[in-house]
Amino acid sequence: MMRRGLYVILALLLILVVMLLGLQVGSFDTGAGTIFDAIFHYNPDNTTHFAILHLRLPRLILALVVGASLAFCGYLMQAMVNNGLADPYLLGTASGASLGAVIVFFGFVPMTVAGVYLPPVFALVGAFVVTLVVVMLGYRKRQIIPAQLLLAGIALSSLVTAMVGLLTFLSDSEGKLRSVVFWSMGSFERASWEMVPYPAAALLVALLLFAFYQKQLNILLLGEERAQALGIQVAQTRWVILATVSVVTGFAVATSGPIGFVGLIIPHVTRGLLGATGRGNLLLCAFIGGLFMLLCDLLSRIIYPPAGLPIGIITSFFGVPFFVYLLFKKNYNFRG
Amino acid sequence: MSGIYTLRQARFILPAILCLLLFGCNQRQKQAKETLVLKDDLGRELILQKKPERVFSFASSLTEMLYAVLDTSTIIARTPTDDYPAAVYRKPLVSNYPVDYEQVLALKPDLIFTVEGITPLEVAERLQQLGVPVYYQKYRTVEDIFTGLEDIGRIMGRKQEAKQLTDSLRQEVAQLRQKYKQRENPLQVLAITWSDPIYVYGQNTILSDKLRILGAENAVQEVFEQPYPALTREYVLKLNPDVLLGGTKEELEESFFSLYPELRRIKAYQNNRIYKPNDNLMSRPSPRVVESLRELEGFLYP
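Those protein sequences? They're chains A and B, same order as listed.
Per my numbering, the first sequence starts with residue 1, numbered consecutively.
Per my numbering, the second sequence starts with residue 1001, numbered consecutively.
Just chain B, with the same shape it has in the complex (with noise of 0.2 Å):
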């Protein structure tokens, strides 16, 4: 008998606590106008509760993004990798290969930039469901850093700053590219990344943009799936290129040409035309990537 009237009592009470439920969601709904919703590069949706104003990035090249266009503290960490600017060593250091998610969780960020290829996708959705957004970025040109920063600007609400930074960096780009515009007999440049497989900087990636501004062209023509392929000597021999980068030409020749002294009768090496450009300013997309032009603008016509 008891258990009929207990029965009978939660009829009343069932349809109250739907109630109480549908009202939260109301309550939520109501939030739900005051959020963010932001579209990374990557048309992932991100729906942020507030204005973020604790970041950091996973990425080296984003984190020097971030200096230049946001408030220094609006930034709460730093990675391992990250150098650039000095300043950045005052922050607290965070694990991101393996994300170390406590330590994240505990720096309570609003939004962790990061760039496509840095960071996989399910760490993303990880960290996603732990209550932290992540923000892909990717780069093709040297454009794309421009609308990069000026994202970044956008979201956190600095987009004056950003603006006045891509302005003069657009137009130092600009003078550049006017500067070796239609040059005849394009040299190729081959830069590689790594000797033994031999790994270079393949078409899809940001130097074919930067020696394109600077009248040159990356020697490897050929679009891989890969950003940075793998060749064999053959494929080098053939592509015979006018400059190498990669590294001095004593570096050089104690690592890759002492592997493949064949690849000695490449013009590259014939005519002494190797160089070593500054690793972080040719691998990351950052604002100082008009450094990284002038650098290579050096190498190119010394």
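The shape of chain A in the complex, shown without the other chains (with noise of 0.2 Å):
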């Protein structure tokens, strides 16, 4: 009970730390006091002031709520699914967006209409529909069998991968080339203030939800037939994880590109931490996850200014070595 309050504190506190890091790394040169003077005596005429409120602070908060996004939703599939190779992916949405993507890239429809850049609406259009295939195969006699599901989501997948493929060897330009290798590594480049409150308010709600389906979520790891019996409605509970999932997961793939890892990883992170049904799990998760994301993209400006290493790639190289640490301690174990 303490330990988990503790942990709570202490990731936010460390989140807010890396926020005001962060808040300094750019190509304009920024002290703390500027970054004061930035947020409490705002002056719109001055860049540099602008820079940090209007390109800084919302490519952070993109970050946050993305990492925290699918550190959340991969917790909620390995419950699901009941397997700890789960990640939010597995429906689908990461290789939907990228077709949707590609599709604008190249030159299908047109970049903007109206004012409004299409690819992450394309791309939320293709997480959406490549995801309720997905639940559709993975649906029988009324009710989502994870197996199903699981194995519908990897074929699917792979077949849209290959969709992708082939319109990127087929594709006539470089540039187009660039925007998608780009694009399927990650970035939080595109923040702004009109895009940030999507992804937040997704998570938002979602968040919410959950805090009422906890208990639900821990009786789930039991298995479906303990579940039932202990008077869990499995069927139910599932649909609402699948739509939680999908809406999370689409928003944030749509605006930052599908990075990987942190849905994978985040979650044993947490339960490393706190045991497999830890009550503060799900909040903890997105908490570590958007402040791993945070430190993750202050490294990628860091190392390599100003453009930064493509965020997916030091997910996994600093991801990984971690996560394989994690398998080998010998007191963790998926379900507790």
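Worth double-checking, as some hints may not be accurate.
Unchecked claim - Heads up, simulated EDC-like pairs for lysine to aspartate or glutamate below, C-alpha to C-alpha not over 20 Å straight-line: (1) B:1267 <-> B:1225; (2) B:1051 <-> B:1040; (3) B:1039 <-> B:1184; (4) B:1238 <-> A:174; (5) B:1267 <-> B:1279; (6) B:1138 <-> B:1040; (7) B:1238 <-> A:172; (8) A:176 <-> B:1041; (9) B:1276 <-> A:174; (10) B:1267 <-> A:45; (11) A:176 <-> B:1254; (12) B:1039 <-> B:1150; (13) A:176 <-> B:1279; (14) B:1091 <-> B:1116; (15) A:176 <-> B:1253; (16) A:141 <-> A:37; (17) B:1138 <-> B:1225; (18) B:1050 <-> B:1040; (19) B:1238 <-> A:45; (20) B:1159 <-> B:1184.
If you're looking for bench data, these hints aren't it; they were derived computationally from the structure.
Each of the two chains sits in its own frame; use the hints to bring them together as a complex.
This is the structure we're talking about:
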């Protein structure tokens, strides 16, 4: 009980610290004083202030929200299919989003309509459409069958990835290729105040919703039959999870591209800290995910200024060794 | 017994074969004296059996160079991106990406020209093994284009033609340089090649030299490893260029500025100094470089 509270407070503090550090990294030289001025005495004509509040801050918030979303959804997926290998992209969200974005990048539809930049919009649509098909394939006898859902997700993802590959291969310009490659490795560079509210709202609603579902989630880990016997409406819980994961992951991927590994490893880290059925697990998982993503973003921009290394590369480089360490740690296992 | 006998015979046959081989080698060495040894811009050594008479290029810029210097009958192919001069369409098409090795061999070229960065070195090695040498050129400045033209002339036995061309081109460039020399507060020019992510012409591109000739500067002063570095919105905001090249204002409004509305603060946007240069003139280091300079001049000093 104490430990949970401590971890949450610690995570929040670290998030704050990393965000303050992150606000100082960029092309304009900015010390702590300038950051303070920009926040409390904002001068719209000062370009440095503008960069801090309109470029750096939304970027950090987007990184936080996306990291939290992916970790949170990864936790939900692993609980639902009762398997530590699951991640939020199992529903085909990432490949669907890629296909959507690639369709715009390769000029099948205009880049902008009425001033709206379309790749993220199509990515969102692609994510939803593919997820819907995967869920339909995983649905039999009026309920979701996890094993079938997983296989459907893997199969359809491969198919959609092949379609993306085909379009990429047939591409006629180097620029388009760059866009696709860049997009597929994830980026927060497009973050703006107009865009951040969508993934943030999706995440907040989901966090609130699952404040009430945490118990069901833990009982689900005991296996379907026992959960049923304990009075859990397994089918209904699964639908709630699926709907949440597809919406939250969809927004995260559409805004930032398919960033790997966060959704897989952070849930394991959380369970490693608090045990498999801790009550604050979901919230803490989201916080750790956000913190991890902020750190990765900061690193990417420090290592390779100005553009920053693609975020997906950093998450894998730093996430995987830690994950391997976790796997070999004796006292950790999936069901606690 | 008979086995030993054959071995004995072999004692006489082997030296004979060796002698023949040595003789053959001698003959080949004699031929080697007539071969041509070239060193390309990457320092690679190429050995040609004779003066090249059938050539083509893997880069559209170099195709333009070849047409400017050579007898057009010695140019034997074009790549899918070649479009200038129009006469190039009369040549057979060959795929340069991915390289269609069979087709290249069928055309029996004596030499293939290419530009650093366009053709991977392993492709060149492969072609070398197949008996087709690949000659690389690289350009950092406008002057490099002219020496490139003269190199082509020297290799292909068209020194005179190349000299005439480069003399007149050099003279035009010198006139422009004279006209715009020592301007105070040179215009800062940012040229973008792609919006998502933002890729720009870096300091290590020939554009920087063109702008210098015209008394302006590439806004990207920092030298990156890549010739066309990726930048962030914040970096562009800090550069705050006077002139933005990469599309008409309407086009960039649709793409660049709708993706990054924050960048509407830059001077080029505020003062409506956004222009669309001809892509091929911008990206190809070719004999049309003076044409490219004149186009840029029109944008910089309207």
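Against the structure, the hints:
no., hint, result
1, B:1267 <-> B:1225, "violated (27 Å)"
2, B:1051 <-> B:1040, "holds (15 Å)"
3, B:1039 <-> B:1184, "violated (42 Å)"
4, B:1238 <-> A:174, "violated (27 Å)"
5, B:1267 <-> B:1279, "violated (23 Å)"
6, B:1138 <-> B:1040, "holds (9 Å)"
7, B:1238 <-> A:172, "violated (33 Å)"
8, A:176 <-> B:1041, "violated (30 Å)"
9, B:1276 <-> A:174, "holds (19 Å)"
10, B:1267 <-> A:45, "holds (13 Å)"
11, A:176 <-> B:1254, "holds (16 Å)"
12, B:1039 <-> B:1150, "holds (14 Å)"
13, A:176 <-> B:1279, "holds (16 Å)"
14, B:1091 <-> B:1116, "violated (24 Å)"
15, A:176 <-> B:1253, "holds (19 Å)"
16, A:141 <-> A:37, "violated (61 Å)"
17, B:1138 <-> B:1225, "holds (16 Å)"
18, B:1050 <-> B:1040, "holds (17 Å)"
19, B:1238 <-> A:45, "holds (14 Å)"
20, B:1159 <-> B:1184, "violated (40 Å)"
Going down the numbered hints, you'll see the structure goes against 1, 3, 4, 5, 7, 8, 14, 16, 20, while the others check out.
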